[in-house]
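As given, the protein sequences belong to chains A and B, one line each in that order. Here the working numbering = 1-based position in the first sequence + 89. Here the working numbering = 1-based position in the second sequence + 77.
Heads up, some of the hints might be wrong.
[Claimed, not checked] To spell it out: a stretch of chain A is covered by chain B in this simulated footprint if at least three of its residues, at any positions, have a beta carbon under 8 Å from a beta carbon of chain B; those stretches are:
1. 288-300
2. 376-389
3. 493-503
[Said to hold, decoys possible] Example chain A residues on the side facing chain B (calculated, C-beta under 10 Å, incomplete):
4. D267
5. R269
6. G271
7. R277
8. R283
9. H284
10. D285
11. R325
12. D412
13. N434
14. M437
15. P528
[Claimed, not checked] What follows is a list of derived Cβ distance ranges for each label pair:
16. A335/A to G115/B: 26 to 36 Å
17. G195/B to D152/A: 36 to 46 Å
18. N214/A to V132/B: 47 to 57 Å
19. G195/B to A207/A: 42 to 52 Å
20. G375/A to G195/B: 55 to 65 Å
21. P210/A to V171/B: 52 to 62 Å
22. H517/A to P215/B: 50 to 60 Å
23. N119/B to R403/A: 34 to 44 Å
24. G281/A to N179/B: 37 to 47 Å
25. P419/A to N119/B: 41 to 51 Å
Quick caveat, the hints were computed from the structure, so don't treat them as lab data. Yeah, the Cβ is synthetic: ideal placement off N, Cα and C, and Gly gets one too.
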Amino acid sequence: MLYANSVALSRRKLLSVLMTSMGMGLMPASLGAAPRNRPVREFHLRAAANRAVPDARLSGPTDVWTYNNSVPGPELRVRQGDRVRVRVTNGLAEPTTVHWHGVRVPNAMDGVPHVTQAPIPPDGNFVYEFDAVDAGTYWYHPHYRSYEQVGRGLYGPLIVEEPDPVRADRDLTWILDDWRLGPDGLIRDDFGNRHDMAHNGRVGNTVTINGRPPAGLSVRGGERIRLRLVNAANARIFSLDFEGHAPTIIALDGQPVSPHSPKDGLVLLGPAMRADIILDMHGEPGSRFAITDRFYRGLEYQLSEFNYASTPLRSEAPDWKMDLPPNPIPEPLTRGASRHEVVFNGGMMGRGMGAGNSGGMMNMMRRSGIWSVNGMSVEGHFMEPFLMLDRDRSHVISMTNATAWHHPIHLHGHSFRVLSRDGIPTRHQEWQDTVMMAPREKIDIALVADNPGDWMFHCHILEHQAAGMMGVIRVN
Amino acid sequence: MRRLLSLVLATLLISAAFPAFAKDHSVEATLFKNPQCGCCENYATYLRENGFTVVVKPTHELAQMSRMAGIPEEFQGCHISMIDGYVVSGHVPVASILRLLNDQPKIVGITLPGMPQGSPGMSGIKSGPFTIFEIGSPSPQVYEID
Chain A
90 MLYANSVALS RRKLLSVLMT SMGMGLMPAS LGAAPRNRPV REFHLRAAAN RAVPDARLSG
150 PTDVWTYNNS VPGPELRVRQ GDRVRVRVTN GLAEPTTVHW HGVRVPNAMD GVPHVTQAPI
210 PPDGNFVYEF DAVDAGTYWY HPHYRSYEQV GRGLYGPLIV EEPDPVRADR DLTWILDDWR
270 LGPDGLIRDD FGNRHDMAHN GRVGNTVTIN GRPPAGLSVR GGERIRLRLV NAANARIFSL
330 DFEGHAPTII ALDGQPVSPH SPKDGLVLLG PAMRADIILD MHGEPGSRFA ITDRFYRGLE
390 YQLSEFNYAS TPLRSEAPDW KMDLPPNPIP EPLTRGASRH EVVFNGGMMG RGMGAGNSGG
450 MMNMMRRSGI WSVNGMSVEG HFMEPFLMLD RDRSHVISMT NATAWHHPIH LHGHSFRVLS
510 RDGIPTRHQE WQDTVMMAPR EKIDIALVAD NPGDWMFHCH ILEHQAAGMM GVIRVN
Chain B
78 MRRLLSLVLA TLLISAAFPA FAKDHSVEAT LFKNPQCGCC ENYATYLREN GFTVVVKPTH
138 ELAQMSRMAG IPEEFQGCHI SMIDGYVVSG HVPVASILRL LNDQPKIVGI TLPGMPQGSP
198 GMSGIKSGPF TIFEIGSPSP QVYEID
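Turn these sequences into a full structure, and let the hints steer you where they fit.
In structure tokens:
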């Protein structure tokens, strides 16, 4: 197990206290007032600080911030085509918003403070309403001081079911997160410190699955599992190795992709990214297989494990098809598309370091201005667009990561095709809303700008976003 | 993880009580670095080339370790080396480390903030003197200008 020592016990206890009150708060779907053929699914989310006493030996309680008193927030599960209406109540002592990550919502429902809406003040409410146009695995989280609000536990899954889903014995959601806990079991209060902002963000020391310390997953031979993986961590990148098993990726960031095995069998998930995988369980009764996160060299650890029951479900893996039906996304034309360049720069070991406009390295160590998009480093959400896209036209955006660090780059309001990496066409031309850029990597993406409005375009390592790695793209 | 940190802290505390040793041997350094930071590896190589025995340990706890060592945010280097009971933060040139080990001042250690171009392990050309600070007070004093 991860951090299998006495400290882990108190952490475990902490987290189990936090998560005991799962399952409340999901209001039943509205029965009346739904337009014909398009049911309205109504939910209520209340963001609030909770105090939990994680361990009787500790002197004080720990602050976590939750939706409906649970981490993660309730799973909002709707069907493709449903109208979704979510009333959000802000019980925090500071403003907040909710962003529906990956869902192609109207601009006013996107949850970006000062860009698409005024922040929801303490004790305020906001009603989000949109159509679940795409099936798939999505999630919701605040977009206001997200490096702390998400980091303290404000996030939850939003699952949009296909009318005709792929067949599996079980459909599971794993929201991965990590927490930075001190030796006292409390969340360390160093959100937004300069070291994290200038390096690879706030990577924690305690990993959880669905808000709990990972336990093994009980499985049966011959079983087929659809596992929806969501990375809700501020900064941690996962590279999951399912020992002895071959995961088949069927969707990325909610969008169907040709079923395939990932490179080296490892499922790579940057912050905010999702992967739907099919796992055919073929182990012997009573056997165990480790699930290991291998992303950071020298810091690999066992995340979880498969524990096989003594009796198999069936003798052989089922031959059910794995292809998901495509979502209704307009297909970009690459020939004749408008082309745009975006360069990400900054950070430790960045090319601009120590040179140029001002105090060199000491400037770099300041909170803002550490990272930049096309030479601009923006703090807060008050900003003019840096890129204009003509509506309903095809666009190719050539992105260059000129930094020495990984960046999961997220575009709001659209999914885009990942055309190429370092000039080499991607095999699956996958749709994503958050694409992982390796250090110095160049990636071309393409989209039809069919959703009018001002859309955030930013690194989803939340410390990088807060330190300048974001901008606004206007579709007009 | 906590065990690691307490080890570091213990080392910090002990360093005040026990003076230097082992001048004749290869000096041992333990370098704690961000797992994704390449220049820290270059710095480890630089130390090795200068006769140090270096153990590199990747960690996600550098912000906390710098804080525990008493280095204010704007004075932090990008990695931390533990050398002969002293904290050496960032890309400090070997000459300064040797002086530290030789003089045995009653300080926690020294730091070269940030990642200046042209410093050991870093690329680029040195464009001005490096200011190395003492660690141990809220407003660090200049230890050496190199």
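Going through the hints against the structure:
1. 288-300: Three-residue rule met by the stretch 288-300 of chain A, so holds; n is 5.
2. 376-389: holds (count 4)
3. 493-503: holds (count 3)
4. D267: 9 Å, holds
5. R269: With a closest approach of 8 Å, the R269/A hint holds.
6. G271: Interface hint status for G271/A: holds (8 Å vs cutoff 10 Å).
7. R277: With a minimum Cβ separation of about 7 Å from chain B (threshold 10 Å), the hint on R277/A holds.
8. R283: Holds: closest Cβ of chain B sits about 5 Å from R283/A, inside 10 Å.
9. H284: Holds - the Cβ of H284/A comes within 10 Å of chain B, reaching about 4 Å at its closest.
10. D285: 6 Å, holds
11. R325: This hint holds: R325/A lies near chain B, its Cβ roughly 8 Å from the closest one there, short of 10 Å.
12. D412: At about 36 Å, which exceeds the 10 Å cut-off, the nearest Cβ of chain B leaves the hint on D412/A violated.
13. N434: 15 Å, violated
14. M437: 6 Å, holds
15. P528: OK, holds: P528/A within 10 Å of chain B, min 8 Å.
16. A335/A to G115/B: 26 to 36 Å: With Cβ atoms ~32 Å apart, the hint holds.
17. G195/B to D152/A: 36 to 46 Å: At 44 Å between Cβs, range holds.
18. N214/A to V132/B: 47 to 57 Å: Between N214/A and V132/B, where Cβ atoms are some 55 Å apart, the hint holds.
19. G195/B to A207/A: 42 to 52 Å: Given range 42 to 52 Å: holds, Cβ gap about 48 Å.
20. G375/A to G195/B: 55 to 65 Å: For G195/B against G375/A, whose Cβ atoms are near 60 Å apart, the range 55 to 65 Å holds.
21. P210/A to V171/B: 52 to 62 Å: Cβ of P210/A to Cβ of V171/B: about 56 Å, so the range 52 to 62 Å holds.
22. H517/A to P215/B: 50 to 60 Å: 54 Å, holds
23. N119/B to R403/A: 34 to 44 Å: 54 Å, violated
24. G281/A to N179/B: 37 to 47 Å: 39 Å, holds
25. P419/A to N119/B: 41 to 51 Å: 47 Å, holds
In this structure, the hints that do not hold are numbers 12, 13, 23, in rising order.
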